[in-house]
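Number of protein chains: 6
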Amino acid sequence: MASILVVGPHPDDQELALGGAIALFAAQGHRVTLLDMTDGEPTPFGDPATRAKESAAAAAALSAPGNPITRIQLGLKNREVVHTLAARHAVAGVIRAVAADILFVPYFEDAHPDHLAVTRIAEDARFDAKLSKVNMPGDQGQPARWANRLYYYFATHLKIVAQPTFVIDTSAHTAQKRAALSAYYSQFEANPANRGIAERMAAQDLYFGSRINAAAGEPIFSREVLGVRVTGHDWTLPITG
Amino acid sequence: MASILVVGPHPDDQELALGGAIALFAAQGHRVTLLDMTDGEPTPFGDPATRAKESAAAAAALSAPGNPITRIQLGLKNREVVHTLAARHAVAGVIRAVAADILFVPYFEDAHPDHLAVTRIAEDARFDAKLSKVNMPGDQGQPARWANRLYYYFATHLKIVAQPTFVIDTSAHTAQKRAALSAYYSQFEANPANRGIAERMAAQDLYFGSRINAAAGEPIFSREVLGVRVTGHDWTLPITG
Amino acid sequence: MASILVVGPHPDDQELALGGAIALFAAQGHRVTLLDMTDGEPTPFGDPATRAKESAAAAAALSAPGNPITRIQLGLKNREVVHTLAARHAVAGVIRAVAADILFVPYFEDAHPDHLAVTRIAEDARFDAKLSKVNMPGDQGQPARWANRLYYYFATHLKIVAQPTFVIDTSAHTAQKRAALSAYYSQFEANPANRGIAERMAAQDLYFGSRINAAAGEPIFSREVLGVRVTGHDWTLPITG
Amino acid sequence: MASILVVGPHPDDQELALGGAIALFAAQGHRVTLLDMTDGEPTPFGDPATRAKESAAAAAALSAPGNPITRIQLGLKNREVVHTLAARHAVAGVIRAVAADILFVPYFEDAHPDHLAVTRIAEDARFDAKLSKVNMPGDQGQPARWANRLYYYFATHLKIVAQPTFVIDTSAHTAQKRAALSAYYSQFEANPANRGIAERMAAQDLYFGSRINAAAGEPIFSREVLGVRVTGHDWTLPITG
Amino acid sequence: MASILVVGPHPDDQELALGGAIALFAAQGHRVTLLDMTDGEPTPFGDPATRAKESAAAAAALSAPGNPITRIQLGLKNREVVHTLAARHAVAGVIRAVAADILFVPYFEDAHPDHLAVTRIAEDARFDAKLSKVNMPGDQGQPARWANRLYYYFATHLKIVAQPTFVIDTSAHTAQKRAALSAYYSQFEANPANRGIAERMAAQDLYFGSRINAAAGEPIFSREVLGVRVTGHDWTLPITG
Amino acid sequence: MASILVVGPHPDDQELALGGAIALFAAQGHRVTLLDMTDGEPTPFGDPATRAKESAAAAAALSAPGNPITRIQLGLKNREVVHTLAARHAVAGVIRAVAADILFVPYFEDAHPDHLAVTRIAEDARFDAKLSKVNMPGDQGQPARWANRLYYYFATHLKIVAQPTFVIDTSAHTAQKRAALSAYYSQFEANPANRGIAERMAAQDLYFGSRINAAAGEPIFSREVLGVRVTGHDWTLPITG
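Protein chains in written order, with our numbering: chain P, 2 to 242; chain R, 2 to 242; chain H, 2 to 242; chain W, 2 to 242; chain X, 2 to 242; chain D, 2 to 242.
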């Protein structure tokens with residue numbers, strides 16, 4: 002079992018890009034933590050209290066029986082996330098506290114300044130978390146930690162076509178993803194501009210699934226080369242080592 | 002267990018690029034077939050009979066107890082391999098005969114004309130093998146077959162730096178690879194120009210291994226996007242589907 | 002108005018990849034010719050007579066009132082298309098006969114040998130068609146012709162993610178595309194393996210449409226750099242010059 | 002008609018890279034605003050007053066009868082432009098004030114720190130300008146605004162070869178570009194190191210023009226995929242939507 | 002001193018793309034051979050006898066005092082160059098006969114079928130020339146030979162922007178290049194469509210020269226990684242080894 | 002002779018990535034300065050005094066008789082290097098003080114925040130150093146300076162495969178590199194996690210050497226296109242101009 006930390010700029014970014022995979026991780030018994038860097042507000046139809054309820058409901062929708070997803074908020078200011086030492090260290094503290102094996106962070110080309118800043122913060126925090134002889138705020142006394150993998154998910158506001166290194170088969174969890182998106186009423190249904198997003202996400206998942214002969218899939222990018230271990234059955238991308 | 006077909010222009014190409022992985026496949030119980038498109042001769046210090054003995058010895062060195070590797074030769078003319086329908090169909094026949102799940106073929110940029118031709122033949126043969134309502138020469142009555150994966154290995158005579166999609170951890174099989182290369186006395190030790198090749202291969206394997214935190218590794222390229230299934234333990238690159 | 006020649010390996014390739022755009026071209030008054038390099042048969046559930054009826058019906062479905070699409074067949078042998086001078090010249094003859102301005106050909110990475118061969122034939126035929134002092138078979142006495150644009154469409158049997166240079170907005174023609182695909186009963190509905198293809202195509206069109214803020218889109222690749230003319234209204238990609 | 006905002010680090014960057022296109026935009030009736038992030042001084046042979054006169058003259062040279070180009074200065078410190086929230090918001094205010102449809106910003110690889118900082122500021126400002134429920138300094142009471150397009154122009158101090166997504170045909174405006182460059186006497190003619198720049202620019206324009214069969218052209222890069230609408234005449238890259 | 006073999010599809014391709022570098026090679030004392038794969042005819046305004054005179058004059062224009070350039074013709078049929086074993090061996094014979102160190106061949110993306118075929122022939126011939134135990138037609142009894150370098154020059158009929166690995170400084174030889182182009186009266190001045198080509202080439206040379214701080218330059222691509230030797234003075238790209 | 006400035010985040014980064022080339026530069030008579038941005042401490046088994054001794058010993062090991070390498074430290078705080086104007090200007094001062102011709106800086110994709118920040122600082126400092134009418138701290142009264150080349154070396158903590166623009170032949174200096182690494186006892190031998198690093202580096206050097214037919218090599222990346230001057234002997238990558 003791995004400890005998987007999904008870093009998101011605003012509550013709903015992780016669900017849009019990775020909702021199926023998050024549900025899959027939980028269903029398979031992995032320990033999943035959603036880290037919201039901000040509370041995501043203000044937005045045209047939202048407010049902090051509503052957004053908090055919605056994001057909690059979304060996390061519940063993606064959880065598995067007996068394996069609830071943890072959701073925490075770092076408290077940076079929405080729309081003004083900046084790449085600083087303090088922000089890096091705060092994320093490094095979380096990496097240590099949850100003893101993360103795998104980080105998921107937003108793809109590094111985007112139109113949203115918060116996304117770009119979150120990615121840079123999290124990339125650096127991965128390294129900060131492994132430094133010896135130093136504590137990190139919020140590390141809960143946990144020791145230095147190197148997250149073996151850092152992967153990028155596509156929650157981009159740029160109109161690009163994702164070129165994934167691999168696609169995760171999320172076929173068994175499309176209903177949960179849809180439910181998680183539905184939880185964000187203030188963001189999607191309440192906003193005429195966003196109303197069709199569940200349908201667009203379903204089409205996107207179907208398209209990327211079709212690339213791997215699956216009913217649904219979510220695209221992932223890796224800068225680092227993948228290491229593969231071969232067994233008698235399937236070949237593996239080891240989580241550790 | 003998968004049926005893995007490693008297509009090579011000349012006996013020794015597969016061992017140089019993929020010797021560790023071939024041994025690993027066999028050790029893990031996969032059925033491995035080495036398909037030599039030519040007999041590899043003439044060469045400065047070789048002859049057909051010697052080369053045949055050497056390549057048989059190399060295959061034996063990579064085999065596992067109770068799981069011998071099969072080596073077959075297609076009989077195209079060395080140095081004059083050309084991309085033709087007949088050659089495609091002959092390879093398609095082998096794909097059907099061994100019911101291949103995975104093909105390994107040389108990378109598609111190279112300086113050796115035989116390598117480039119073999120790659121094109123094998124790429125096309127993958128599709129030919131799945132055609133309905135038609136037999137292929139040498140298919141031994143086996144039905145149409147789609148090899149789920151086609152991967153490229155780097156046996157290139159061009160001085161390029163391989164950019165792999167993934168690296169296979171071959172740490173447990175470096176001695177076997179070295180033994181397989183030693184088997185080709187006429188190609189390496191007998192030829193002053195090639196004498197250091199075992200050492201260079203070991204360095205290359207160590208370098209690519211270092212990219213995945215392993216003691217040795219062999220680089221692989223995939224044009225198709227990788228599909229990943231997530232389980233509670235490691236994540237998998239499924240062989241089928 | 003432009004003369005647009007869409008070169009396809011087998012009847013249905015053009016519809017799958019470019020059905021919406023073809024209908025759009027016709028609706029806007031362009032002269033569209035579909036060139037099938039082969040009759041596409043045999044297939045598991047088809048035969049030449051059935052396929053011919055289906056492809057005629059598909060062309061009709063994409064046609065516009067008063068502007069019927071022309072469909073012609075070159076007569077190369079399905080599954081054995083090879084890149085030859087004769088095939089190049091035959092296509093060059095068609096380019097001259099229809100005085101083509103724009104060619105659409107399959108993308109140059111694919112798993113299907115016929116597709117790869119068709120692309121190479123058509124790329125070369127573009128140049129052959131402009132040669133001075135020589136006739137081409139089937140040119141109907143028309144003079145040498147340079148098709149100003151050659152674009153690639155994605156009808157690939159490789160599981161890759163298309164990286165388009167641009168996406169054509171086909172929002173107004175999705176129903177026609179679906180009708181054209183329905184016309185190929187022997188290829189899609191009759192074949193259990195292909196039954197979901199209309200749904201998958203719709204998802205793909207929706208995904209690529211979402212990249213350009215449209216309800217549907219089809220991805221196109223250009224090797225040549227695009228030239229843009231600026232006017233007071235929209236900016237243009239000129240068809241000529 | 003579109004509102005086009007061309008963001009430049011120092012007065013003359015826009016003219017060098019995009020002088021022909023700017024003149025073309027104005028001639029076609031678009032509303033063009035040149036935003037200088039700094040006054041560009043000190044330089045070896047310039048001073049603020051001279052530079053201001055020169056940049057005003059250059060803007061006049063690129064203007065069209067009845068459609069003068071607007072030039073404004075943001076007042077950041079030359080040579081010390083840094084990517085900050087304040088700078089982002091100041092540019093966002095301009096985007097709102099001019100209700101920009103299209104942004105042009107420097108390409109994102111460069112040797113000049115000011116250029117790199119301007120690009121990051123403007124990329125983020127594009128998003129800041131569309132945020133709801135917040136004012137931006139200098140927005141003149143104009144509402145939130147999403148600039149539909151952000152394109153990169155090549156004013157790079159790195160010796161790279163531009164790889165454009167498209168080239169704008171500027172054939173009809175080369176004389177105006179040359180006049181605009183001539184206006185910067187302190188930067189080009191007065192400086193022996195820069196004296197040949199008009200000739201080099203003309204050669205560059207001719208080279209890029211030759212890529213699109215035009216007498217002159219300026220290269221543009223887009224991260225986002227282009228959307229194309231097809232009409233009976235030319236095909237369009239829509240400004241809106 | 003190196004033996005440099007410049008392989009061209011038709012007389013004038015080498016001059017257009019590499020005229021300055023060819024003159025430079027000769028001036029520096031290298032042995033230069035221009036290999037024309039065809040006679041280049043028919044063309045709209047040319048004929049074989051005229052073209053032969055023109056190409057001889059062009060070679061003379063690029064020669065240096067005491068170091069004349071050799072020009073030979075392989076005799077393949079213009080417009081119908083095809084990638085065959087026989088053509089490969091014929092070029093391999095030339096490589097041996099001139100004991101080539103460096104090959105220059107056309108870039109591997111092009112619109113002209115002859116160019117694409119020539120490139121594939123020459124790439125393969127490089128390897129054929131080094132094969133042991135075999136003669137090649139026209140090798141004049143010279144032994145097997147490995148040309149240490151194969152570089153691509155840009156004589157492409159595709160409207161792409163060359164992305165060179167390096168640019169050769171040809172500043173001292175622009176007049177010779179212009180003279181060589183002038184020699185091809187039947188191809189350029191006689192043909193209204195090509196009349197401006199000398200001016201366009203000069204602009205292109207100036208543009209690529211500007212990328213390396215030189216007055217003129219010609220772009221070159223290398224698939225193989227460059228090896229650099231460092232000395233007390235300049236760093237070198239060795240011709241041998 | 003050139004002045005070569007090798008900018009490193011922490012003492013040992015330059016030796017790991019470029020130790021052979023540094024020794025080669027010194028042996029060939031170039032003036033080499035190693036600029037350590039930080040003192041590299043704390044580390045698990047090091048302390049500032051020990052690290053200082055080790056780095057001095059390493060520089061000595063790479064020096065040539067009569068041409069000692071200079072090593073200086075900028076004094077930024079290890080683990081907290083940030084891209085600021087002050088840091089840029091401090092490096093610009095060093096560039097002026099040593100009148101640098103060539104800068105080597107870490108590759109721009111990395112996992113270590115200090116490396117990424119150092120690269121950005123040094124890239125910008127290159128430009129700052131050439132600004133007119135301004136002093137830089139530590140410039141020792143030396144005038145404005147443009148370093149003609151900026152190259153990237155691979156000291157990356159990301160598990161990527163370097164794709165070099167060129168490889169420097171370091172065959173004659175592998176023993177010195179090994180000696181320089183041995184000097185860092187606190188970093189490598191004392192730390193069980195790093196103990197095999199000399200062997201891994203030797204394998205890497207051998208692999209990259211094999212790409213250029215040399216016994217050892219170190220990979221280098223250049224964003225800017227390389228300019229080549231051709232002479233009668235080898236071709237050169239000029240240091241100046």
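Derived from the structure by calculation, the hints contain no laboratory data.
A quick note: this is a predicted structure, and the numbers were derived from the prediction, not measured.
Think of the CB as a built atom: it goes at the ideal place given N, C-alpha and C, for glycine as much as any other residue.
Hints are supplied without guarantee of correctness; some may be wrong.
[To be verified] Cross-link-like lysine-lysine pairs, in silico, DSS-like; alpha carbons within 30 Å at most: (1) X:Lys131 - R:Lys54; (2) R:Lys160 - X:Lys134; (3) P:Lys134 - P:Lys54; (4) P:Lys54 - P:Lys78; (5) D:Lys134 - W:Lys78; (6) R:Lys160 - D:Lys160; (7) D:Lys78 - P:Lys131; (8) X:Lys134 - X:Lys54; (9) H:Lys160 - H:Lys78; (10) D:Lys131 - D:Lys54; (11) H:Lys54 - H:Lys78; (12) P:Lys78 - W:Lys134; (13) R:Lys78 - H:Lys78; (14) H:Lys54 - H:Lys131; (15) W:Lys78 - P:Lys54; (16) X:Lys134 - R:Lys78; (17) D:Lys54 - D:Lys78; (18) R:Lys131 - R:Lys54; (19) X:Lys78 - H:Lys78.
[Claimed, not checked] Sample of chain D residues at the chain W side, in silico, Cβ under 10 Å: (20) Thr85; (21) Glu225; (22) Arg230.
Quiz item: Of the hints given before, which are not true for this structure?
Solution: 3, 8, 10, 14, 15, 18, 22
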